Amino acid sequence: MYEIDREKLERISHRYSLDLVVVFGSQATGRAGPGSDVDVAVRVVHRDWDNPEVELDLIGELVDIFGGASDVDVAFLNGASPLLLFEVARTGRPVYQREPMAFFAFQSYAARRYYDHQKFLVWQSSYLERQVQEWTHNRPT
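For the sequence shown, my numbering assigns the number 6 to the initial residue and increments by one for each residue that follows.
Take these hints with a grain of salt, some might be off.
Said to hold, decoys possible - Computed spacing ranges between beta-carbons, pair by pair: (1) His142 / Ser113: 52 to 60 Å; (2) Leu133 / Arg52: 28 to 36 Å; (3) Pro145 / Asn83: 42 to 50 Å.
As the list claims (entries may be wrong) - In silico DMTMM-like links for lysine to aspartate or glutamate, alpha-carbon gap of 20 Å or less: (4) Lys13 / Glu66; (5) Lys13 / Glu60; (6) Lys124 / Asp69; (7) Lys124 / Glu134; (8) Lys13 / Glu92; (9) Lys13 / Asp76; (10) Lys124 / Glu92; (11) Lys13 / Asp24; (12) Lys13 / Asp62; (13) Lys13 / Glu104.
Rather than coming from a laboratory, the hints here were simulated on the basis of the structure. Bear in mind the structure is a predicted one, so any value in this text is a computation, not a measurement. A virtual CB, placed ideally from N, CA and C, is assigned to each residue, including glycine.
Construct the complete structure from the given sequences, taking the supplied hints into account.
In structure tokens form, the structure reads like this:
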């Protein structure tokens, strides 16, 4: 289990221009076991820093905020895949929102991206199935 220092989270969110911080996965759904990690997703509003050290500093500060956790994984929602966006939207629990409806708006955006992307996922799955079948039938015995 983890505890959040909400004041520190708000300060860090302002410092790094975060408008949304979401806990998702097993910790958010109540299925976490002993030693489960904490999955944290963040969305950066104005990423005016292009320095990997700043990103690592942010990750380090988020790990400190969720200090009771044995392991913290941080995902950046900016530029994330439709699958990750949908997972965060589906299982997530916002722990910081700059605007009251930020998470709701994110959920709507993530669902649209996911469903728009579905046809490509179906195509990819079908293609991979054909490739595996072809490989298994043409494999030397």
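Structure-based check of all given hints:
Checked against the hint of 52 to 60 Å, the pair His142 and Ser113 fails, with Cβ atoms roughly 44 Å apart. A C-beta distance of roughly 34 Å is found between Leu133 and Arg52, which places it inside the suggested range of 28 to 36 Å. Between Pro145 and Asn83 the CB atoms are about 47 Å apart, so this pair conforms to the stated range of 42 to 50 Å. Annotation: proposed proximity of Lys13 to Glu66 holds, straight-line Cα distance about 9 Å (limit 20 Å).
About 17 Å separates the Cα atoms of Lys13 and Glu60, which keeps this hinted pair within 20 Å; it holds. With a C-alpha separation of about 40 Å, the suggested pair Lys124 and Asp69 falls outside the 20 Å cut-off, and the hint is violated. For the hint linking Lys124 to Glu134, the alpha-carbon distance of about 15 Å falls within 20 Å, and the restraint holds. With a CA separation close to 26 Å, the supplied pair Lys13 and Glu92 exceeds the 20 Å bound.
For the suggested pair Lys13 and Asp76, the alpha carbons sit about 19 Å apart, so the restraint of at most 20 Å is met. In summary, the hint linking Lys124 to Glu92 is supported, as the alpha carbons are separated by about 18 Å, within the 20 Å threshold. Pair hint Lys13 plus Asp24 holds up; C-alpha atoms about 14 Å apart against a cutoff of 20 Å. A hinted pair counts as satisfied when its Cα atoms are at most 20 Å apart, and Lys13 with Asp62 qualifies at roughly 14 Å.
Among the hinted pairs, Lys13 with Glu104 is consistent with the structure: their alpha-carbon atoms are about 18 Å apart, no more than 20 Å.
Checked against the numbered hints above, the structure breaks hints 1, 6 and 8 and satisfies the rest.
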